[in-house]
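Student: Sequence:
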Amino acid sequence: SVNKLDSYPIIIFPNKNASVFPYRINSSNTSRKGVTEYGLYMKLKELLKSNQQELFEIRNDVQLLFKNGRYPVVPDIAIIGKDPSLNIRIDIEIDEPYDGQSKEPIHYINGKDEERNYLLVRNGWCVIRFAEYQIVHSCDECISFICQILNKLDNISSMPVQTQMVPTIKRWTFEEAKEYAKDKYRERYLNHEFSTKAISKYENDDLIQNDNEKAHSTSDKVIERNAEFKNIEGSKPKESFWHKLLKMFGF
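In the working numbering, the protein residues as written are 8 to 258.
If you are wondering where the hints come from, they were derived from the structure by calculation, not from laboratory data. Some clues are possibly wrong.
As the list claims (entries may be wrong) - Simulated restraints on C-beta separations: (1) Met172 / Ser224: 33 to 43 angstroms; (2) Val27 / Glu121: 20 to 30 angstroms; (3) Glu121 / Ala222: 22 to 32 angstroms; (4) Lys52 / His144: 18 to 28 angstroms; (5) Glu122 / Ser14: 15 to 25 angstroms; (6) Val42 / Thr175: 14 to 24 angstroms; (7) Asp190 / Arg31: 35 to 45 angstroms; (8) Ser26 / Glu186: 36 to 46 angstroms; (9) Met172 / Gly46: 18 to 28 angstroms; (10) Glu194 / Asp90: 21 to 31 angstroms.
Claimed, not checked - Calculated cross-link-like contacts (lysine-lysine; reagent style DSSO-like; alpha-carbon spacing at most 30 angstroms): (11) Lys177 / Lys50; (12) Lys89 / Lys23; (13) Lys119 / Lys191; (14) Lys50 / Lys110; (15) Lys159 / Lys56; (16) Lys50 / Lys221; (17) Lys191 / Lys110; (18) Lys50 / Lys159; (19) Lys89 / Lys52; (20) Lys119 / Lys185; (21) Lys189 / Lys177; (22) Lys110 / Lys177; (23) Lys110 / Lys189; (24) Lys177 / Lys52; (25) Lys119 / Lys56.
Since we're looking at a predicted model, the values are computed, not measured. No residue lacks a Cβ here, since even glycine has one placed at the ideal position from N, Cα and C.
Whole structure, please, built from the sequences with the hints as guidance.
Tutor: Laid out in structure tokens, this is it:
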């Protein structure tokens, strides 16, 4: 059964001993990013310049092509661990209640995100999800939240952290997202009016797996729904690398 996660931020862990799917770089499709992703990306990148850049890399041009002919999964921001013995891969997502142009609800409970999450954790990636509102109004706390996790990944990592917690945001339903769109909820907290933006299309070569991707592909198999899904309150994870990390982190 699907665990119901009712608030942000959310952390979703890979299965124990999951093979880590390789990523590819495609800088031509960063136009698909949302309003707040680039700001968080630049803050994390600047922070990493003076803290532990030998341990982690921050990227906004990563894609994962799980099957030939299908659109790739594109993390908003990817954190790549440089230590091959840990093989850390983290997808940071910033969730908005509706699309700025079409006003269609997105990231709602029981929507497409659940399948995407399962695919990522099935293939060794951790997923951290924030609400866009949290990034806008509590960006420093969100960055500190990420840094606390990174600090637990390596004993010598010392990213700066704050004592303040990220204020939780309730997840929305499809109907609630429709109401948010009617009320121009995003436009108000972003102080921004959305305009039509050209989105670059994928080329045919972008949808063809290389040999390394084919070797790691699990998309033709049934995705087992046995990943540990936990939000930031009250989790009791199993004993895998990620779960030991979160136990140390106080969950």
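Student: Now tell me if each hint is right for this structure.
Tutor: So, going through the hints one by one against the coordinates:
Judged by the Cβ atoms, the range 33 to 43 angstroms given for Met172 and Ser224 holds: they are separated by roughly 39 angstroms. The hint said 20 to 30 angstroms for the Cβ distance between Val27 and Glu121, and at roughly 21 angstroms that hint holds. Between Glu121 and Ala222, the C-beta spacing of about 27 angstroms keeps the proposed range 22 to 32 angstroms intact. For the pair Lys52 and His144, the supplied restraint of 18 to 28 angstroms holds, since their beta-carbon distance comes to about 21 angstroms.
Checked against the hint of 15 to 25 angstroms, the pair Glu122 and Ser14 passes, with Cβ atoms roughly 20 angstroms apart. Range check, Val42 to Thr175: Cβ separation about 22 angstroms, and the 14 to 24 angstroms hint holds. Separation of Asp190 from Arg31 is about 39 angstroms and conforms to the stated range, judged on CB atoms against 35 to 45 angstroms. Evaluation of the 36 to 46 angstroms hint for Ser26 and Glu186 yields a pass: the beta carbon distance comes to about 42 angstroms.
In this structure the supplied range 18 to 28 angstroms holds for Met172 paired with Gly46, their Cβ-Cβ distance being about 21 angstroms. Evaluation of the 21 to 31 angstroms hint for Glu194 and Asp90 yields a failure: the beta carbon distance comes to about 42 angstroms. For the hint linking Lys177 to Lys50, the alpha-carbon distance of about 25 angstroms falls within 30 angstroms, and the restraint holds. For the given pair, Lys89 sits about 20 angstroms from Lys23 by alpha-carbon distance, which is consistent with the 30 angstroms threshold.
Note on Lys119 and Lys191: the hinted pairing holds, with a Cα-Cα distance of about 23 angstroms set against a maximum of 30 angstroms. Of the supplied pair hints, the one linking Lys50 and Lys110 holds, its CA atoms being roughly 28 angstroms apart against a limit of 30 angstroms. Only pairs whose Cα atoms come within 30 angstroms are accepted, and Lys159 paired with Lys56 is accepted, the gap being roughly 19 angstroms. Among the hinted pairs, Lys50 with Lys221 is inconsistent with the structure: their alpha-carbon atoms are about 34 angstroms apart, more than 30 angstroms.
Among the hinted pairs, Lys191 with Lys110 is consistent with the structure: their alpha-carbon atoms are about 9 angstroms apart, no more than 30 angstroms. Restraint check: the Cα-Cα separation between Lys50 and Lys159 comes to about 20 angstroms, which is no more than 30 angstroms; the hinted pair holds. Between Lys89 and Lys52 the alpha-carbon distance is near 15 angstroms, which keeps this suggested pair within the 30 angstroms criterion. Under the criterion of a C-alpha separation no larger than 30 angstroms, the hint pairing Lys119 with Lys185 is consistent with the structure, at around 16 angstroms.
Proposed proximity of Lys189 and Lys177 is supported: the alpha carbons are some 19 angstroms apart, at most 30 angstroms. Under the criterion of a C-alpha separation no larger than 30 angstroms, the hint pairing Lys110 with Lys177 is consistent with the structure, at around 20 angstroms. Taken as a hint, the Lys110 and Lys189 pair is honoured in the structure, with Cα atoms around 8 angstroms apart against an allowance of 30 angstroms. In summary, the hint linking Lys177 to Lys52 is supported, as the alpha carbons are separated by about 28 angstroms, within the 30 angstroms threshold.
Restraint check: the Cα-Cα separation between Lys119 and Lys56 comes to about 35 angstroms, which exceeds 30 angstroms; the hinted pair is violated.
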